[in-house]
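Here's the letter readout for the chains.
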Amino acid sequence: NAGVTQTPKFQVLKTGQSMTLQCAQDMNHEYMSWYRQDPGMGLRLIHYSVGAGITDQGEVPNGYNVSRSTTEDFPLRLLSAAPSQTSVYFCASSYSSRPTTEQYFGPGTRLTVT
Amino acid sequence: AQSVTQLGSHVSVSEGALVLLRCNYSSSVPPYLFWYVQYPNQGLQLLLKYTSAATLVKGINGFEAEFKKSETSFHLTKPSAHMSDAAEYFCAVRLAENNQGGKLIFGQGTELSVKP
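Residue numbers (the numbering used here), protein chains in the order written: chain A, 1 to 114; chain B, 115 to 230.
Just so you know, the hints here were simulated from the structure itself, not pulled from any lab data. Keep in mind that this is a model prediction, so the values were computed, not measured. Cβ atoms here follow ideal geometry from the backbone N, Cα and C, with glycine treated the same way. Be aware that one or more of the hints could be misleading.
Derived coverage of chain A by chain B (criterion: at least 3 residues anywhere in the stretch with Cβ under 8 Å from a Cβ of chain B; other residues may be distant) [what the hints assert, rightly or not]:
id, stretch
1, 36-43
2, 104-112
Covered, in the sense of this in silico footprint (three residues per stretch, anywhere, with C-beta under 8 Å from a C-beta of chain A), are these stretches of chain B [said to hold, decoys possible]:
id, stretch
3, 160-166
4, 174-184
Chain A on its own, in the form it takes in the complex (with noise of 0.2 Å):
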């Protein structure tokens, strides 16, 4: 199994242009979520999905899009960047929403928009 990745592992925006980060997970995981890592901020929630066609918000989810036509896909989309959105994005999986299941990690990726 490859288990989460992503895709790409960086990427520099300019300020405006939208993109979307790719996840897919090979474990046959229900749930899916998106973080984003900031310095000193650990990691917060920005969508979460508990099954295909099914998303919904998390901590931080303005400037951000979704969507789960699969169970092995969750695509992160950036609608206009700003600046703000530099950050380093994480996609995790875990088997359930129940609060015992582990969440695995991809590698991550690094977005720096100017």
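Use these hints to put chain B onto chain A, whose structure you have.
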């Protein structure tokens, strides 16, 4: 609201010394607690988790953590530090599935340095 506080953004120990990374949580319901490790330029890897079974939890790479309800703590320890332990460590609590879909709430992270 549930939250996690990690005391000390940076901890430095000598190789062979005890590692102690502190984590306190606030929770009105039984917590489900996790410790993750992040090596430079990598994703997060689970070290161990507490899910209301044994209060002393053993994880990978010789780490363990003890859940102390009276102190609302879940500190991470390792008896003897190794150079390869240098990384950032995150304590996290996972909410129930009917509370924001079971999201993880992370502490701010503690960077561990190991001196030769």
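Status of the hints after comparison with the structure:
no., hint, verdict
1, 36-43, "holds (count 4)"
2, 104-112, "holds (count 5)"
3, 160-166, "holds (count 3)"
4, 174-184, "violated (count 0)"
Figure legend: structure checked against the earlier numbered hints; the only hint not met is number 4.
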